[in-house]
Amino acid sequence: MNKQEFLAQLRSSLAGLPKDDVDERVSFYGEMIDDRVEEGMTEEQAVAGVGPVADIVSQTVSEVPITRIVRESMAPKRSLTAWEIVLIVLGFPLWFPLLVAAAAVVFSLYAVLWSLIIALWAVEISLWACALAGIAGSVVSGVSGAWPAALLSLGGGFVCAGLSVFLFFGCVAASAGAARLGGAMATGIKKLFIRKDRSK
Amino acid sequence: MDIQLKRGLLDVCVLAAIKNGDSYGYRIIKDLKPCIELSESTLYTILKRLESAGQLTVYTAEHEGRLRKYYSITQEGLRRIREFLEEWKEIISIYRFVTGEDGISQ
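Keeping their order, the protein sequence lines are chains A and B. For the first sequence, our numbering gives the first residue as 1, with consecutive numbering after it. For the second sequence, our numbering gives the first residue as 201, with consecutive numbering after it.
Since the hints were made in silico from the structure, they are not lab data. Among the clues, some could well be false.
Stated by the list, open to error - Derived lysine-lysine pairs resembling DSS-like cross-links, with alpha carbons at most 27 Å apart:
| no. | chain 1 | residue 1 | chain 2 | residue 2 |
| --- | --- | --- | --- | --- |
| 1 | A | K19 | B | K269 |
| 2 | B | K248 | B | K219 |
| 3 | A | K191 | B | K248 |
| 4 | B | K269 | B | K248 |
| 5 | B | K233 | A | K3 |
What the hints assert, rightly or not - Here are the in silico distance ranges between beta carbons for each label pair:
| no. | chain 1 | residue 1 | chain 2 | residue 2 | range |
| --- | --- | --- | --- | --- | --- |
| 6 | B | R296 | A | S144 | 54 to 60 Å |
| 7 | A | G51 | B | V298 | 34 to 40 Å |
| 8 | A | G51 | B | E301 | 37 to 43 Å |
| 9 | B | P234 | A | V105 | 47 to 53 Å |
| 10 | A | A48 | B | L209 | 26 to 32 Å |
| 11 | B | F284 | A | G182 | 30 to 36 Å |
| 12 | A | L163 | B | K248 | 33 to 39 Å |
| 13 | A | E5 | B | R266 | 17 to 23 Å |
| 14 | B | E262 | A | T42 | 21 to 27 Å |
| 15 | B | K289 | A | V172 | 29 to 35 Å |
| 16 | A | G51 | B | K289 | 35 to 41 Å |
| 17 | B | K269 | A | L98 | 43 to 49 Å |
Said to hold, decoys possible - Here's a subset of chain B near chain A, in silico, CB distances under 7 Å, partners left out:
| no. | residue |
| --- | --- |
| 18 | G225 |
| 19 | Y226 |
| 20 | E240 |
| 21 | Y244 |
| 22 | R268 |
Computed from a prediction, not measured in an experiment: that's the story for all the values here. For glycine and all other residues, C-beta sits at the position ideal for the given N, C-alpha and C.
Modelling step: build the complete structure from the supplied sequences, incorporating the hints.
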């Protein structure tokens, strides 16, 4: 791939981003290629040195805030005709609820994800509470001479403590996984907008 | 390495690369190579961050019939390097304590 092809591919892959961002990045990578060529590399080697377009696009998309991407892809590329404005206004009862519903679906997916995590932590905390209560209960029963009851609640307390130690690692891993999943969802939504724009 | 720590270290590396004179993208990458491998897209992000934090300024100059962006450190950037060196002294003394090199701990 030569420099022109590389920059054209980069530009079209970033088409959904704000134009200033795209221009600045394209000139940055163009300069990097020129500097390598000046050092004696061929254009192909220089392009290969800068790295695959897909990597650059992934990193760029994860850095630009979603509000900017949406604003850019929603902004009309030309001024609207009178008829289009009338249609948008008349269509409001249709498109507005659809938009709200789409936002609600995304939000509820997030909410479900985090409620699962909160539930897991709640179980973890209650296991700890049970463990403490079991051990405390066994002391009380032991003092009053009820040995079978004391043994039972001590055993129960230890079982809860053991389970909670296991579950703790599960909770930590699940929380980290949920955070990663949330990030991946955000990047996925952003890429959706960019792809949509590119197909125009 | 912890991601926040690494980000801070990379910022200071890039500032150090322009400390003794203005530089441009590809040269910063080459200068840092013996110390740390930096990809173009990572460098771009760092430069943007440092620019918006006022730790460096950017200007364009002609070079061999084309335009090239140069990065120049500011007083704020120099202060960041000094702060980093101060903080690092503390970290080194903690490191010595942890490894027992200081002769105080066991």
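Hints, verified against the model:
no., hint, verdict
1, A/K19 x B/K269, "holds, 19 Å"
2, B/K248 x B/K219, "holds, 17 Å"
3, A/K191 x B/K248, "holds, 22 Å"
4, B/K269 x B/K248, "holds, 13 Å"
5, B/K233 x A/K3, "holds, 24 Å"
6, B/R296 x A/S144: 54 to 60 Å, "holds, 56 Å"
7, A/G51 x B/V298: 34 to 40 Å, "holds, 38 Å"
8, A/G51 x B/E301: 37 to 43 Å, "holds, 41 Å"
9, B/P234 x A/V105: 47 to 53 Å, "holds, 51 Å"
10, A/A48 x B/L209: 26 to 32 Å, "holds, 28 Å"
11, B/F284 x A/G182: 30 to 36 Å, "holds, 32 Å"
12, A/L163 x B/K248: 33 to 39 Å, "violated, 48 Å"
13, A/E5 x B/R266: 17 to 23 Å, "holds, 19 Å"
14, B/E262 x A/T42: 21 to 27 Å, "holds, 24 Å"
15, B/K289 x A/V172: 29 to 35 Å, "holds, 33 Å"
16, A/G51 x B/K289: 35 to 41 Å, "holds, 37 Å"
17, B/K269 x A/L98: 43 to 49 Å, "holds, 44 Å"
18, G225, "holds, 6 Å"
19, Y226, "holds, 4 Å"
20, E240, "holds, 5 Å"
21, Y244, "holds, 6 Å"
22, R268, "holds, 6 Å"
Going through the hint list in order, the structure does not satisfy hint 12, though it satisfies all others.
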